[in-house]
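Enquirer: Chains A and B, in that order, give the protein sequences. Residues 767 to 1042 in the numbering used here are what the first sequence lists, from first letter to last. Residues 8 to 317 in the numbering used here are what the second sequence lists, from first letter to last.
Hints are not guaranteed to be accurate.
Below, a sample of chain A positions facing chain B; criterion: calculated Cβ distance under 10 Å [said to hold, decoys possible]:
1. Lys796
2. Met800
3. Arg873
4. Leu886
5. Pro889
6. Arg890
7. Arg962
8. Ala1039
Covered stretches of chain B, going by a simulated chain A footprint (3 or more residues, C-beta under 8 Å) [to be verified]:
9. 59-65
10. 72-84
11. 90-96
12. 107-114
Simulated from the structure, these hints should not be mistaken for laboratory data. For every residue, glycine included, the Cβ atom is placed at its ideal position computed from N, Cα and C.
Each chain, written out:
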Amino acid sequence: MIASVKAPDNIISKLVPALWVELKKVQRSKTLWMTALAFSLLIIISGLFMYILKDPEQARRLGILGAKAQIFGGSANWPSFFNLVLLMVSLGGLIIFGFIFVWIFGREFGDKTVYDILSLPTPRVTVVIAKIITAAYWSLALILLVFVLMLGLGAMLQLPEWSAATVWNGLGLLLGTGSLTVLICIPFGLVASFTRGYLPAVGCIFLVIILGQVISQLGNGQYFPWTIPMLYSGAAEALIGKVTAPLGLISYILVGLVGAISLVFTCGWWRYADQT
Amino acid sequence: MSELLSITATGLTKRFGDVTAVNDLSLNIHCGEIYGFLGLNGAGKTTTIRMLLGMIRPNTGSVSLFGIKVQPSQSSIWQRVGYMVETPHAYPDLTVRENLEITRRLRQMSATDAVEKIIGELGLMPYANRRARTLSLGNAQRLGLAKALIHHPDLLLLDEPANALDPAGIVEIRNLLRGLAENSGVTIFISSHILSEVARLATRIGIVHEGRLLKELNANELAEQEEQRLAVDVNDTVAALSALGKAGIAARLDGKNSLIITDKPTMQHPDKVATLLVEAGCPPTRLVVEQRDLESYFLGLVGMKEEKKQ
Chain A
767 MIASVKAPDN IISKLVPALW VELKKVQRSK TLWMTALAFS LLIIISGLFM
817 YILKDPEQAR RLGILGAKAQ IFGGSANWPS FFNLVLLMVS LGGLIIFGFI
867 FVWIFGREFG DKTVYDILSL PTPRVTVVIA KIITAAYWSL ALILLVFVLM
917 LGLGAMLQLP EWSAATVWNG LGLLLGTGSL TVLICIPFGL VASFTRGYLP
967 AVGCIFLVII LGQVISQLGN GQYFPWTIPM LYSGAAEALI GKVTAPLGLI
1017 SYILVGLVGA ISLVFTCGWW RYADQT
Chain B
8 MSELLSITAT GLTKRFGDVT AVNDLSLNIH CGEIYGFLGL NGAGKTTTIR
58 MLLGMIRPNT GSVSLFGIKV QPSQSSIWQR VGYMVETPHA YPDLTVRENL
108 EITRRLRQMS ATDAVEKIIG ELGLMPYANR RARTLSLGNA QRLGLAKALI
158 HHPDLLLLDE PANALDPAGI VEIRNLLRGL AENSGVTIFI SSHILSEVAR
208 LATRIGIVHE GRLLKELNAN ELAEQEEQRL AVDVNDTVAA LSALGKAGIA
258 ARLDGKNSLI ITDKPTMQHP DKVATLLVEA GCPPTRLVVE QRDLESYFLG
308 LVGMKEEKKQ
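Make the full structure from the sequences, and use the hints.
Expert: Right, here's the structure in full:
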């Protein structure tokens, strides 16, 4: 009866189909395009600020928008553009990447498809790992979209102070900020699983943003994992001169621990919790 | 021994807080059987099926499928099992074909034509490229069955599979399941709250109520439960009971003005009962031979009052 069912030899041969499945679900969802649009808007707004800063007369004509643009830095050039984009990514990334993790896990409960993936030859832990890899891939693909879009906008605006070093350094910071943000967003997938839906997990995203603001104001942002990507990007310091404590090894360890612990707990929850 | 039994459940108990959903339930389902798991809503059917599928861990007891204990480390066991739990759901943005392709890949199947085959077998070809969100409830049910059957399982666990199907669809699915059991030796465990539906298909029936397995019957025993009885309405039940008793006919009171006679020889001559009662001065106002159906038997078994026949 089971002639057409093959026994996979190793974990990779089980992971590959699970990854295909997750990517297919993402590919066919509107959420993919919504997140791309959201990030694109952030970059277009950053480009608009650069445009205003480049032409002070235009900035004055625009009134309040011009005044706000001044807050983020005084000059329109490639280093400032990178810093502004880094600020946008570190702020927006927590929300958008967080939503990606919430959606990838929460949709199984929202669409009630969770029961279809529980009693299969593909182990539940493999499904969870495929989901996390997909969310990370999706998030980092958005970072690359940001990079390409800002290069195009910067070139259109003919921003000065272009150099290969600036671009490579900016790309490195974008990917670094994105990777740290991915790690601190894994817990939102756990919350979406545990609460079997979207809303409580989305609430958690906003809770950590508020907590991050408070803890940063108290000068302890380097010990709160959800503010560390922004501190790592250095954007706030570069743009508005806000001096923050330098990140030490402990900060990176904390981010790593949040990612690792939430991964273990998510796998454990899917493997052992009752699916009523 | 293990391959003779598809399902072995021993002493399953599941509590949710103060509520005991399943209480010390044991099952032995043989290979090739069609086992109807019958119970009212909330009787514990779905919780039991989820325990059989390893989705819920019992507080006590254990489940083995084909002799292998169901536990998180035994995911390969599901290669032989197909299932559909309650109302089937699918990824709404994906087509029927894509939803089945997802199932094929997660089931680690090498046969790339499996999706097209099951689409054909379940009559889903006209809907193959339609997004799941646009399917009618009946076709969504077919898609759920297609996902359960795509890998030609040895054991099929179906929770209320006739829900939402129209009468033609119910007959079609019934024939499909019967064919699977008869031609391919597939063991089918099917839960339902509709006795007549289960009775038409199952070779054995287990009746569950308040989490306990009350009774198991095979198909012949079930047929015997479709008993007859003679219902007699009279104005003076005391006089009627006395007259019948003097004639050696056992009767019992059923309601204010009704008597029930289940004695088979008497039931074959209702005219004699009528004559007897007329001569005793308490003529019947209504006299009818009733067929006690399976639903009545079932409701009687689970302790619910039978609906009085009109």
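Enquirer: Hint by hint, say whether it matches the structure.
Expert: Tested hints:
Interface hint status for A:Lys796: upheld, as the beta-carbon distance to the closest one in chain B is roughly 7 Å, under 10 Å. Interface hint status for A:Met800: violated, as the beta-carbon distance to the closest one in chain B is roughly 13 Å, over 10 Å. At a threshold of 10 Å, the smallest CB-CB gap from A:Arg873 to chain B is about 8 Å, leaving the interface hint in force. Using the Cβ-Cβ criterion of 10 Å, the hint placing A:Leu886 at the interface with chain B is satisfied: the shortest such distance is roughly 5 Å.
Because the smallest distance between the Cβ of A:Pro889 and any Cβ of chain B comes to about 4 Å, under 10 Å, the interface hint for this residue holds. A hinted interface residue such as A:Arg890 counts as satisfied when its beta carbon comes closer than 10 Å to some beta carbon of chain B; here the least separation is about 7 Å, so the hint holds. Interface restraint check: A:Arg962 against chain B, minimum CB-CB distance 13 Å, threshold 10 Å, status violated. For A:Ala1039, the shortest C-beta to C-beta distance to chain B is roughly 9 Å, which falls under 10 Å, so the interface hint holds.
Only residues whose C-beta sits within less than 8 Å of a C-beta in chain A count toward coverage, and the stretch 59-65 of chain B has 5 of them, enough to reach three; the restraint holds. With 3 residues having a Cβ less than 8 Å from any Cβ of chain A, the stretch 72-84 of chain B passes the three-residue criterion, so the hint holds. Under a criterion of three residues with beta carbons nearer than 8 Å to beta carbons of chain A, the stated coverage of the stretch 90-96 of chain B is upheld, 5 such residues being counted. For the stretch 107-114 of chain B, the stated coverage by chain A holds: 6 residues have a C-beta nearer than 8 Å to a C-beta of that chain, and at least 3 were required.
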